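**Q** The primary structure of each chain is shown beneath.
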Amino acid sequence: MYTWKDYVGYDRLPHIWCSGCGNGIIFNALGQALEKMQLPLEKVVIVSGSGCFAKIVNYPGVNTVKMLHGRVLSGATGIAMANPELTVFALMGDGDGTTIGGNHLIHAARRNINVTAILGNNYNYGMTGGQYSGTTPEGSITATSRYGLVEDGFDACKLVEAAGASYVARTTAYDVLELQKMIIEATEKPGFAFIDVLAACPTHYGRLNKMGTPAEQMLKIKEGTVPVAKAAKMSPEELKGKLLTGKLVDRNDREDYAVLYAKMAKEARGE
Amino acid sequence: MSDKVMFMQGNEAIVRGAIAAGANFYAGYPITPSSEIAEKASELLPLCGGVYMQMEDELSSMTAVEGSTLAGARSFTATSGLGFSMMQEHIGHAVMCEVPCVIVDVQRGGPATGLATKPAQGDVMQARWGTNSDHSIITLAPASVEECYELAIKAFHLAYRFRTPVIILSDASVAHMVENVRLRTPKPEELPASRDPQCDPSEYLPHRFDPDHPATLAAFGSKYIYHMVSSTHDETGLAKTTPDVSDRLVHYLWDKIENHAEEIAYTKEYEMEDAEIVLISFGCSARSARGAMEKLRAQGVKAGVLQLQTIWPFPVKAVQKALAQAKLAVVPELNLGQLYSEVQRYNVEGRKVISVTKVRGELITPDEIIKAIEEVK
Amino acid sequence: MKATITINQKLCKSCGICVAFCPKKVLGLQPGKKAEVVDPEACIACRMCQLRCPDFAIEVIKNV
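Residue numbers (this note's numbering), protein chains in the order written: chain A, 1 to 271; chain B, 1 to 377; chain C, 1 to 64.
Excised from the complex, chain A in its bound form (with noise of 0.2 angstroms):
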């Protein structure tokens, strides 16, 4: 019986993010849906890549890698692809998610690789300073648009939909009940699967725009939001600016690559 102790490392705590900051909340929410899976710790590989996110690589109790900035995905598909028993989790925050890996996360979802996507979502890049980043909302203040920001960021749940992945949900860092039933969803959904978790970051992003305390910002995060059955009511105009959460996609009408890689080579084999 393994606990979220075993899951998280606990003995290699504390981790090094910010005071409130929304990934240990993502983590702590991992860890928890972890022991309720109760996965081999062994079975269990975690890939991240650059920003304050990846640093989790350094606390689990199960195999991490970091790989560099954008290339999770593509990590986390060579490893799901030489070994389909592992479970992979790609933990990416909007940098490497949507951003420097956005190519890779088109793919991925395309591909219906086999990997648990959570994407820690802060519309910052926290770990350079708060410079915005390709989820960033137009009008932010950060550290690279002082005066506001032109771009507008972008749906990375749409995408990814759009691309064909299996499973495709968003929550907020405050529902963390919902994040971790969408964990264990994900995790056991085949085929690519994605969670778009909004969160706060405290020291750059919720600072420079003024949001309030950890907390706050919490609350304003899921402000933006709206469940996806109440969406189904309300008007254009009333979504307007509004993030849909809840799940978004559970399809299965197409098997993940890993399982049709193999019935190829399995007929060309003549097997």
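Just so you know, the hints here were simulated from the structure itself, not pulled from any lab data. Mixed in with the good hints, there may be bad ones.
[To be verified] Chain A regions said to be covered by chain C (calculated; three or more residues, Cβ under 8 angstroms):
{"no.": "1", "segment": "12-22"}
{"no.": "2", "segment": "167-178"}
{"no.": "3", "segment": "214-221"}
Note that this is a predicted model, so its numbers are computed, not measured. Ideal Cβ placement from N, Cα and C applies to all residues, glycine included.
Dock chains B and C against chain A, hints included.
**A** Same frame as chain A, but now just chains B and C:
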């Protein structure tokens, strides 16, 4: 099993050599003149239980090669000059994390898009120094189809012996040349080292900073759980960024290859016993050199060829031995003197060395080499 | 008491998330200090403080 002789391209021979060495994973992005490697890998790997992944670019190809290796596969990829530039990103990661893998760079004319279908040898220094910061790396260069097969086997062996990425520096000429190749089964000692650390899992460390004995790399999913962090790290694989840890790590990454340069130095000598004019070359230009040597010998000139199959670490002893007997040394290559500058670096006795270069996307002809020799006589 | 709450002083980074979201005002935080249990009797063992803690600093164990 008796060896089979087949008539094939250099690119195909690399795939067959890799598979003979146990390769079971390929991740790549097609690029001329390497694409036949991807095609042949996609054809052969599924037949032997392996996996071919066509990635979205060279950045992801190199990462998938590393990821698959960590998960237990023996992996390789192939590309050409500008794709090789993109792979340099994660080649550095593989150096730092000591992830064994094989990268084939089939050189073509450059810079940038350059001459996509024409041979060149302009990536000598990119192979050595393409990724950031101090490190060492192994680079092998085949000059024939048979050497493509043989060096692919050696590349996998060295990658696991030294826990490092190994580069095969081919070129458009060798890649597309068709020759007979003996498809032999490698002896057990020629195959890559085991992935079983044979210790108690609680004692396993993914790194050992002993330049003579790098740690065995376990596979994710085995009973050995480990961490692999590309930041400066200690034996545990976890980030530790103190000055002493950094100093030890960088020196170790350097020493584990450079201290074994002689073990890695594969060279071939042709008519070198009494040679006074020594042609030092590699890859397709080594063939040009042999052509020149034959013509010179026919004229009674004592010419010989030292072919470097290992480019990096530079085979210093073999080159210095050749220089010591040379009245004149000639370095023909399809670039502006990248190998020549390295030969000169070790020319401590100040022998006369000339550089024969060509960047026209054409091979150097034996006559061009002979003409260059005559000009300095 | 419904639960025993332990706050690891080494792990707590005083962010105040546990205090802000506790439905029963069980927890408190003084400026410059770590989170503390101020009203243990009020705890309903919902564990939300533990699950929302970014630093793994809180453990809530239900008393049986």
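**Q** All hints are to be evaluated individually against the structure, with a verdict given for each.
**A** How the hints compare with the structure:
no. : hint    : verdict
1   : 12-22   : holds (count 9)
2   : 167-178 : holds (count 4)
3   : 214-221 : holds (count 4)
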